[in-house]
Structure formats: structure tokens, C-alpha cells
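K.L.:
Single-letter residue listing:
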Amino acid sequence: MKMAAVAAIALAASISLSAQWINYPSSGVPKKADGTPNLDAPTPRTADGKPDLSGLWLLEKNLPCPKDGCPDMEVSREFVNLGWNVPGGVPYQPWAAALVKARREQNGKDDPGANCRPTGIVKETINPFFRKLIQLPGLLVILMERDTVYRQIFTDGRPKLTDPLPTPNGYSIGKWDGDTLVVETSGFIDGEWLDRVGNPLTESGKIIERYHRVNYGLMELEITVDDPKAYTKPWTAKVKEFIQPNTEMMDYFCLENEKSISHAVGK
Amino acid sequence: MHYIYLVAEKPSAILAATLLMMPALVSAQWLNYPTAGVPKNPDGTPNLTAPTPRTADGRPDFSGIWDTPKNRPCPPGGCPDQEVSQEFVNFGWSLKGGLPYQPWAAELVKARREQNGKDDPGSHCLPIGFLRLHTDAMYRKIIQLPGLLVMLNERNASFRQIFLDGRPLPVDPNPAWNGYSTGKWDGDTLVVETNGFHDGEWLDRSGSPLTSEAKVTERLRRVNYGQMEVDVTVDDPKAYTKPWTVKLPLVLVLNTELLDDNCLESEKDIPHLVGK
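Residue numbers (this note's numbering), protein chains in the order written: chain S, 5 to 271; chain R, 74 to 349.
In short, the hints are calculated from the structure, not lab data. Where hints are given, some of them may not hold.
Claimed, not checked - Here are the simulated BS3-like pairs of lysine-lysine, each with C-alpha atoms no more than 30 angstroms apart in a straight line:
1) S:LYS164 to R:LYS113
2) S:LYS35 to R:LYS257
3) R:LYS113 to S:LYS179
4) S:LYS210 to S:LYS113
5) S:LYS164 to S:LYS271
6) S:LYS105 to S:LYS233
7) S:LYS35 to S:LYS244
8) R:LYS169 to R:LYS143
9) S:LYS65 to S:LYS210
10) S:LYS164 to S:LYS54
11) R:LYS320 to R:LYS191
12) R:LYS191 to S:LYS113
Model the full assembly from the supplied sequences, consistent with the hints where possible.
P.N.:
Structure representation (C-alpha cells):
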């Protein structure tokens with residue numbers, strides 16, 4: 005419902021705002037001979053020769069809509085179930101399997117995101133909103149359209165925290181492995197949902213992300229969930245993100261004019 | 074006046090408590106990780122009066138973590154919560170005669186004070202808008218890029234973008250809590266214009282209103298390495314009889330980091346927010 009509202013606003017706004025703000029041209033976009041963006045151009049690089057991950061990105065929307073159209077925003081399969089494509093299925097511990105079953109039966113009504121609470125880094129990454137990556141020396145910042153929250157990934161060599169105060173986004177450090185940025189995050193609050201089906205992440209969980217910008221337009225991202233309390237072994241989801249030139253984020257607040265949660269009912 | 078702190082500062086109370094709980098080990102690892110590129114005095118201490126750093130194009134560089142001066146004295150028994158600035162409680166406290174409210178706005182502020190500010194959007198974990206983020210007791214980090222200035226605020230781990238790429242302000246924007254901001258250089262001062270506010274924002278804990286018709290101008294100047302001045306001019310004829318300007322100093326903080334503060338995480342205060 006809220007997403008529909010955003011879509012409607014975006015449509016309404018596009019006429020007057022076009023070319024003014026939301027469609028203001030991005031600078032430095034490689035062009036084809038006909039002037040259109042060349043999304044296959046080589047990966048841009050920073051002064052130190054590393055791939056530059058900076059840009060506005062959107063996850064591939066690979067979940068087909070029903071025949072009569074999507075009831076809401078188009079989303080990715082991973083947004084529904086991060087582990088949909090894991091060979092043999094997600095390796096749940098028995099309690100986690102029972103929990104996900106119960107959450108599905110309850111229509112996911114206790115999903116923190118549906119209740120406008122922070123959704124944590126995984127759901128922030130797989131939701132259908134824009135994300136802006138800003139790569140600086142020693143720091144990667146990710147700005148997220150949903151609830152206008154940021155996330156910091158430190159690449160300045162600081163060590164992992166050994167006993168951090170738990171937060172929804174945890175604490176992230178990144179290191180380069182060739183042209184891939186490997187980000188390790190821990191220090192999560194207990195009870196996070198990785199996706200809409202309610203795959204759990206516990207406070208002892210670790211998330212490893214591998215960012216690989218294949219070319220100007222495409223980012224491949226592997227998300228590994230290493231959480232022995234909830235899963236019998238680590239498992240990995242592979243997603244794609246596409247660059248979004250000539251547009252911009254618009255503030256979106258879940259709590260603003262919230263009307264949906266009273267309709268989210270279980271059994 | 075304690076209620077003003079108590080209602081306003083619940084996330085800060087949690088933050089303050091959590092900071093205290095952070096083990097010494099963590100301090101050295103993360104929150105006290107040394108800031109790079111700090112100019113030093115001969116004795117090795119940071120030289121906060123060193124010249125303003127500049128970007129490759131010669132402009133002043135505002136990048137860094139900034140804090141508000143805590144210029145509001147605590148009661149004799151100690152502050153019941155985090156120390157805050159006077160402007161956090163009353164944006165116009167430094168102005169002779171206070172903010173020039175229109176009659177309806179003066180009535181509204183009176184009523185909001187009488188109701189202990191229970192409808193403050195911030196107390197209900199809604200965004201508080203960037204003007205209040207300037208006076209907020211929590212840290213903000215400025216990141217200056219070619220064409221863009223980004224502000225990261227500890228409160229709700231939220232960000233604001235100020236575009237420096239020449240785009241014009243939108244003419245009829247969809248209202249947003251932070252509005253739409255563009256900046257242009259006037260010598261060494263960055264002049265930021267913002268429009269497109271959401272109706273019903275509170276500028277301070279007293280509930281001074283900001284309407285959707287407001288235009289805000291900020292003049293940002295980094296005086297030296299350690300100090301910044303932000304002059305805020307609010308032109309909102311619907312709520313105020315004339316435009317007014319408030320000076321907000323910011324001080325640089327070193328060797329520390331932002332710690333996410335999520336108002337909605339473990340929220341316990343709203344049932345206790347009662348009015349008359």
C-alpha cells in the first residue's frame with residue numbers, strides 16, 4: 005500500500021519535476037555513439053586503482069508478477085525468500101525451520117519492516133528501493149531510500165569488534181580481494197528477519213557480502229549468511245544490481261501516514 | 074523544565090547508557106579509532122585552530138564529525154539526560170524577543186508546551202527534519218563530494234543530501250521532511266537553499282512550527298580546522314511575521330565514530346508521554 009503510494013507520487017511528480025530534480029543528468033556517465041548511456045563500459049576505478057562502486061543502484065526485480073499485474077511494487081525473489089535458490093534449500097536448524105513455518109502461516113505480520121522498525125542490512129539490500137553507494141578512501145557509505153537510513157562500511161583497516169553493542173545494521177568492515185570488496189558484518193540485534201518469509205538472523209550471526217562491479221552498469225553481489233545458531237551451515241544468495249543513471253532518491257518513511265499494519269493479520 | 078529533556082531525549086538516554094556500557098576494549102578498536110589526517114601541535118595533540126582544510130578544487134572541505142556546543146546548563150542536581158543545546162529546546166533562544174511568531178503559531182507553541190510536547194514527531198520516532206538535526210545532541214558526519222554534500226546523522230542513522238551540481242530547486246515538490254536542498258559557493262561560504270518541507274514539522278522541543286511554505290537558507294562556513302558556523306535563516310511567512318536568522322556553531326570531534334541510534338528499536342517511552 006505504501007509502495008503503491010510512492011509509485012503514485014513518483015508518477016505525479018515526474019511531470020513537473022522531470023529534468024529538474026529526479027531526472028537531472030548524472031555526471032560522468034559513459035555514452036554510446038547515439039548519446040545513450042553505455043552500461044557495458046568498463047568498471048570505473050578510483051585514484052588508487054580499485055573498482056569504484058559509487059553510484060545509484062537497484063536490485064534486479066526477478067519475481068514475475070501475476071497475470072493481472074503486481075498488487076504492489078515489483079520485487080526480487082530474494083526479497084521474499086533470500087534462500088529461494090540455495091541448492092537443497094536453506095539449511096535450517098530445526099527451531100528455525102519451525103519459526104519460518106509459523107511466520108509464513110501468520111502472513112509475516114510480525115516482520116519488523118512491516119512494523120516500520122529498522123530492517124537491517126540484508127533486507128535493506130534486497131528491497132526494491134534505490135541505494136546510493138559512495139566510495140571514499142577508507143570508507144564505503146550506503147544511503148538507502150527506505151527510511152533514508154545510511155550504513156557505513158569501514159575500509160580503513162580497523163579491526164573487527166569483539167564484543168559490540170548490538171544494532172540493527174551491525175558493524176561492517178571491508179577488505180579488497182582483487183577487484184571484489186569483501187564486507188564482513190556482525191554485532192546484530194537478535195530477532196532480525198532476513199526477508200519476508202522470516203528467515204532469522206541471530207545476534208551471533210555474521211553476514212559476508214562480496215561486491216563485484218562487473219562493468220559500468222552491473223554489480224554482482226553475493227550475500228553469505230553464517231549463523232550457526234539458526235543454520236546448520238553457511239549459505240549464499242547471489243543477486244544482481246543495475247546502475248540507475250539520471251535519477252535520484254526520494255525520501256520514503258515507513259512511519260509516515262502508516263495505514264497498513266492494522267491490516268496485517270495472522271491466523 | 075525537566076519534562077522537556079525527558080520527553081525529547083529518550084533515544085539519547087539510551088545512547089548515553091550504552092556508551093557507558095561499551096567496554097574499554099571496544100573504545101580502542103572502533104569508537105576511538107584515530108581519525109586520519111589530523112593536524113598536530115608540536116606536543117602531538119590535535120591542532121584544532123589549524124587552517125580550514127580544502128578540497129582538490131580549492132573549496133573549504135566541511136568533511137568530518139561535528140557536535141553541537143552543549144550551552145544549556147544542567148540543573149544543580151545534574152542533567153536528567155544527555156546535555157543539549159539551548160537551540161534544541163528553543164530554536165530562537167538567542168534572539169531578542171524570541172522567534173517572531175504569527176499569533177496562531179504563538180498559541181500553538183503555548184499549547185504544545187502545556188501538553189509537555191507529547192505530539193513532537195521526534196518523540197514518536199518520526200523524522201525531525203534537518204534544522205533540528207543541526208541542534209540535536211547526537212553527532213553528524215559531513216561528507217563532501219564533487220557535486221554533493223551528504224550529512225549522516227546518528228539519530229535514526231539517517232542522511233540528508235545537498236546537491237552542489239547546479240540542479241535547480243524543484244518548483245512543486247512532493248513535500249519531504251528534509252525538503253530539497255541545493256548549495257552554491259559564495260567565496261568560502263556554502264549557501265544552501267531548501268524548499269519542499271512537509272507541513273507540521275517542529276523546529277525545537279517547544280514546538281516552534283515550520284510550514285510547507287517555508288524557505289530555509291543555511292550559510293555554512295568552516296572557520297578553522299575545529300570549528301564551523303551555520304547561519305540558518307527561516308523565511309516562513311505563514312508561521313512568522315518576518316524572516317529570522319539564528320547562528321549555530323558546530324565543533325569538530327576526533328578519533329570517534331557515529332553509533333547508530335534507532336528511535337524505534339526497543340521504544341518504551343510513548344505510553345508515558347501524556348499531556349494535560
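K.L.:
With reference to the structure, classify each hint as holding or not holding.
P.N.:
Hint by hint, here is what the structure shows:
Taking the CA atoms of LYS164 (chain S) and LYS113 (chain R), the gap is near 27 angstroms; set against the 30 angstroms cutoff, the hint holds. The straight-line distance between the Cα atoms of LYS35 (chain S) and LYS257 (chain R) is roughly 28 angstroms, inside the 30 angstroms bound, and the hint therefore holds. Annotation: proposed proximity of LYS113 (chain R) to LYS179 (chain S) holds, straight-line Cα distance about 29 angstroms (limit 30 angstroms). Of the supplied pair hints, the one linking LYS210 (chain S) and LYS113 (chain S) holds, its CA atoms being roughly 25 angstroms apart against a limit of 30 angstroms.
At most 30 angstroms may separate the alpha-carbon atoms for a hinted pair to count; LYS164 (chain S) and LYS271 (chain S) exceed this at roughly 42 angstroms. A hinted pair counts as satisfied when its Cα atoms are at most 30 angstroms apart, and LYS105 (chain S) with LYS233 (chain S) qualifies at roughly 17 angstroms. For the hint linking LYS35 (chain S) to LYS244 (chain S), the alpha-carbon distance of about 22 angstroms falls within 30 angstroms, and the restraint holds. Of the supplied pair hints, the one linking LYS169 (chain R) and LYS143 (chain R) holds, its CA atoms being roughly 20 angstroms apart against a limit of 30 angstroms.
Proximity of LYS65 (chain S) to LYS210 (chain S) is assessed by CA-CA distance (about 26 angstroms); at most 30 angstroms being required, the pair is judged to hold. Restraint check: the Cα-Cα separation between LYS164 (chain S) and LYS54 (chain S) comes to about 22 angstroms, which is no more than 30 angstroms; the hinted pair holds. Between the alpha carbons of LYS320 (chain R) and LYS191 (chain R) the distance comes to roughly 27 angstroms, so the proposed pair stays at or under 30 angstroms and holds. Between the alpha carbons of LYS191 (chain R) and LYS113 (chain S) the distance comes to roughly 28 angstroms, so the proposed pair stays at or under 30 angstroms and holds.
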